[in-house]
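Colleague: Spelled out from the first residue to the last, the chains are:
Protein chains: 2
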Amino acid sequence: MLSAEIIAIGSELLTPNRVDTNSLWITERLNSIGVEVKLKTIVGDDEARLEETLRDALKRSNVIISTGGLGPTEDDITRKVFSRVLGRPLILNEQVLETIRQRFARRGYRMTPNNEKQALIPQGAEVLPNPNGTAPGIFVREGEKTIFILPGPPREMQPMFDNAVMPILSGSSKGVHICKRVLKVSGLGESAVDDMIAPIYTQYRNPTTTILFNMGEIEVHLTASGKDEQTANELLDELEIKLEEKLGHYLFARRGETMEEVVGLQLSVKGYTIAVAESCTGGLIAKRLTDVPGSSRYFLEGVVTYSNQSKVDILGVPEEMIVKHGAVSAEVAEAMASGIKQRALATIGIGVTGIAGPTGGTEEKPVGLVYIALCDDVHVEHKPLILPGDRQMIRHYASQAALDLVRRRLL
Amino acid sequence: MLSAEIIAIGSELLTPNRVDTNSLWITERLNSIGVEVKLKTIVGDDEARLEETLRDALKRSNVIISTGGLGPTEDDITRKVFSRVLGRPLILNEQVLETIRQRFARRGYRMTPNNEKQALIPQGAEVLPNPNGTAPGIFVREGEKTIFILPGPPREMQPMFDNAVMPILSGSSKGVHICKRVLKVSGLGESAVDDMIAPIYTQYRNPTTTILFNMGEIEVHLTASGKDEQTANELLDELEIKLEEKLGHYLFARRGETMEEVVGLQLSVKGYTIAVAESCTGGLIAKRLTDVPGSSRYFLEGVVTYSNQSKVDILGVPEEMIVKHGAVSAEVAEAMASGIKQRALATIGIGVTGIAGPTGGTEEKPVGLVYIALCDDVHVEHKPLILPGDRQMIRHYASQAALDLVRRRLL
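Here the protein sequences line up with chains A and B, keeping their order.
Numbering-wise (the working numbering), the first sequence opens with residue 1 and increments by one.
Numbering-wise (the working numbering), the second sequence opens with residue 1 and increments by one.
Simulated from the structure, these hints should not be mistaken for lab results.
Chain B stretches covered by chain A per the calculated footprint, using a threshold of three residues with CB under 8 angstroms from any CB of chain A:
| hint | stretch |
| --- | --- |
| 1 | 73-86 |
| 2 | 106-120 |
| 3 | 185-195 |
| 4 | 212-225 |
| 5 | 277-290 |
| 6 | 295-307 |
Here the structure is a predicted model, which is why all the values come from computation and not from measurement.
Glycine included, C-beta positions come from ideal geometry on N, C-alpha and C.
Bound conformation, chain A alone (with noise of 0.2 angstroms):
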């Protein structure tokens, strides 16, 4: 099998402020040509480092690909570097330099005289177009090793990928394909997952199975590898079958889709519209069910009423019942859930109060309480949650329970 090792390029990847996204992308798309990923490093805009890097990969692995540094600024270093390690003078490309100057041109802009330095070319190497940024990519063949210089910006580093780096490799690799699979577990812990699932998965060697939780959700993870895309997706669909008989209602995606795509497709199909009335998930929801494309067709309109006040203004909450139960109750939720239906003249309304804190707990309503509610045309439920976590998780699993709520009405 063909393998690969990855170098992420930039000092900001070695802070807290950004995360590598791009290895993992450029993972997913070589393990599917069957490329194995052997090693992932990631470095700092610093010469050295990267040089003795690079050198180290140009030792072990046959497929390098580096993403990142191809900018115009003064510490983006890759350019520089590879010409040094790989002993390939940079040489200025006229027909580079001429595709930058026009992008310019189009948008209206002066090229300033620092995006010239995107037009040098490692001697030999090839030009791998950008069409949706200025820094060209660079494929270098170098003996057996083949040397992939992409830039960082994911939205043009995909593009450049799939058209020029895709068909490359697999010229190169060939015989074994592998396909991976994410089903989605809503109700659940991970060690109830594992629990109730371990009997089954752990009876195939292929695909293999990895439980994770993430923000809420446990995803089963599973990897098939087959001579072909066919053979890799029927041994995923033997065990998924028998998993889903398993986890039954608590299965909430077969193909890694969000709750908020799953829920919008059940309201498509049914013809159904939604409207969200939210106190402390402060527009999640509405945020969640609006990030899905053509949402338009069932979100019909979201409320934030995070004061008092605008709950019996625009939701006709009753003044007397928050004065009663306090705004943070199962009776606010619920008449904030047909509120909102009503005024929206909505299928199904949802109405989510809570704490999410830090502050505004009490020992009664500790910061975590929250209250989601449901209404449709024959019935009205609302549910309680504690919840862990600080403001951001709390306001997540708010709004994934809220979700939720209406998957499972809808089932």
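Got chain A; can you put chain B on it based on the hints?
Modeller: Relative to the frame of chain A, chain B by itself:
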């Protein structure tokens, strides 16, 4: 300078579903006490490969920190592999087992048998307590080398790192203190910012400067090293003042704050309130504003008026205005802003309407066209935007521009 190596363990980190945020967080903590991270490696739940990685790491690094693979499930292999490579058999630690049992009992759960595995500790290793989860950390001294084996979930790993790992490493590192600072710029491109400030920052070797483009914001990262924290901070201060002068009102954050934190602080200081009417951003602006703890002081309410009817009903946008100019128009954006301001009795009302795509665009009004508007007691203004990218980017950029409009108005 003491140097460290980080090994992140977990097959999920070799998929596009999960990013290794732990190593980034750890890197900053280590830098702050003058410990340099030389290499970061990411390996899957693969015994042979982890063993190879660990053996290599032991050859080259004196401080090794691993995260992940300590869970209760079959695929958690970290304990086993470290035990083997270090030649220290796993021994059941009764005290740890009791702690885990009690943890389950407190939550009213029965401990499943697979959790017992988490009480296995390599011979002669120290246990690092985990108040936020079941798996304790493990600390091994092996001659000159120190090895920290930490759990993967950040809310377990981070407190453990601060409480147990930092004190041990602080004792071993001395003499160098590294400080970082993040300035953020809105409304300028990466090249333009670099053109503007490169003449200043290139005069400094300490601090070093890195410019990053991140979701519509330009981040200027400054890193200084000094013999102590004060010295490093003084170096940062000197450069920061010069950059601030140059960047003027384009600079919106000096300590890496988010735009919503900056706007929230401005509103708090002035005692103003805000209400938001969103169409294409679908609740994202309300969500961002309410991400900030204490935002209930200034955030009154938000509405997501996705349908035309809801724009008329909730915000009082005249129906004939929508017919004449279209829902995506400067007129409707301003009417939304003034409508929500009036309805919520807020100091500032925000209105956003646009086409986030992927469908819904026309020749005249393409995907990416967004109008943002602001209304306060004396004035109403709007700004048309043509935003690049996909649905998520357009929505994010629009929310950023709307918040920046508030920030500039409140300067």
